[in-house]
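2 protein chains.
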Amino acid sequence: MFVWRNTPGVETRQRQADRTRETKRKLMEATVECLVERGWSGTTTTEVAERAGVSRGAQLHHFRTRGELVAAAVEHVGAESVEALKRRAQVAEKSTHAVVELIADFHASDLFTAALELWVAARTDPELREQVLELQARLGREVYGLALELLDADDSKPGVRDAVQATLDLVRGLALANQLADDTKRRAHVVRYWARMLEEQL
Amino acid sequence: MFVWRNTPGVETRQRQADRTRETKRKLMEATVECLVERGWSGTTTTEVAERAGVSRGAQLHHFRTRGELVAAAVEHVGAESVEALKRRAQVAEKSTHAVVELIADFHASDLFTAALELWVAARTDPELREQVLELQARLGREVYGLALELLDADDSKPGVRDAVQATLDLVRGLALANQLADDTKRRAHVVRYWARMLEEQL
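If you read the sequences in order, they're chains W and L. The letter at position 74 of the first sequence is residue 77 when you use this note's numbering, and the numbering goes up by one with no holes. The letter at position 5 of the second sequence is residue 8 when you use this note's numbering, and the numbering goes up by one with no holes.
One thing to keep in mind: the hints can contain errors.
Using 27 Å as the maximum straight-line C-alpha spacing, the simulated DSS-like pairs for lysine-lysine come out as follows [stated by the list, open to error]:
(1) W:LYS188 x L:LYS160
(2) W:LYS27 x W:LYS89
(3) L:LYS188 x W:LYS160
Treat the hints as calculated values from the structure; they're not laboratory data. Treat the numbers as computed from the prediction; the structure is a model and nothing was measured.
Just chain W, with the same shape it has in the complex (with noise of 0.2 Å):
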C-alpha cells in the first residue's frame, strides 16, 4: 500500500482537514441559504445542521453559538464572493460604468440579504455586536480595496477616498432598495448616472 512514500499518519491527517474544510463549507453556505430564506429567527443551528447534512456534534465542535455560526458564514461567503468579483472583473469591460454595475450587482444578492440580517440582530446583541463590528471594519476595508483597484483609483488624489466610499454607500442603499422587490431596472438607472459622475471624478 506504499505506506513508504506517505506515512498513514500524514495521510490521515490530511483526509481529516479535508473532511473538516468540507463540513464547514457545507455548514457556512447552508447558513447563507437559512438566512436568506428564512431570516435570522428562523436560522437556527438545528436547522442549520440538517440543511447542511452534518451532525449536529460536528456543527457544535467547529461553532458554539448560532451568533458565531452566522458571523463565520457571512465571512466565509463574504470572501469567496470578493474572489469571485476579481474573476468577473478580470474577463469584464474596464468602463467605469461596467465596474459600478458589477459592484452594484454584487451588493444586490444573497450575500448582502444574509449579512443584513446578521447586522441588524446585532444592533440589539451586546455580544453579537462586537464580533459584527470586527467583521463589519475587515469587510469594509476589503471592499474598499477591491473597488478602488477595480476602478483603477489612486486614494491619495484628493477627492478619490470621498468618491469611493460614496460609491459604496450609494451601493449599499441600492441593495437595500431590492430587499422587498426586484429593483434592477431603477437600480441600472442610477448606476448609470453615477458612473457618469464618477467617471469625471477619477
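Starting from the known structure of chain W, fit chain L onto it as the hints suggest.
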C-alpha cells in the same frame, strides 16, 4: 353648563376622538422606541401596550396584530418626521450642502432604525411584506417629493430625477452604516463630497 352652546353628545364625541388620537399617538411612539431598543423580536404587542401605558384591550381595539401596529407606527412617525424636516428646512440654510446634510441626518435617525427592523422582518413574512411594500411606495414618493422641493429642483429637466434618486439611495446607505457604530464623522465627509457633485448637476 352652557349645554345650549354645545350639545353633550357632540362634546362627548369630541372628547372621545381626542382620547382615541392620544391613545394611538402613545402606541405609535412606544412602538418605534421599542423597535429601536429591542428590535423586531422584542417588539411584542404586550410590551408596547405596557410602555405606552395603554390597556391591552384598547390596544387590540386599534391594532389586531404586531404587523399592523408596527406598520402604522412607522407610517405615523414617518409622516411626523417629514413634517419636522420641512419645518427645520424652512429655518435652515438653503445651500445644496445644508439640504443634503439635513436629508442624510434625517435618515440616520431612530425612525430609519425602526423602519429597517420592519423591512427586514417583512422580507420573510409574506403578509407583512404586502403591507410594507405599500408603505414603502407611499413613503418613497413622499421623501422623493420632499427632497425635490428642498433642493429646489425640477425633475422635468434631464438627469434631475436620477440625481435626486441617487441622493436618496446614498443617504439610505449612509444610514445603514450608522446602525452599529456612530458614523457621524465619515458621513459628514461623504455628504460634503456629494453635495459638491450634486450642485454641479442641478
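Checked hints:
no.: 1; hint: W:LYS188 x L:LYS160; result: 20 Å, holds
no.: 2; hint: W:LYS27 x W:LYS89; result: 23 Å, holds
no.: 3; hint: L:LYS188 x W:LYS160; result: 20 Å, holds
Figure legend: structure checked against the earlier numbered hints; every hint is met.
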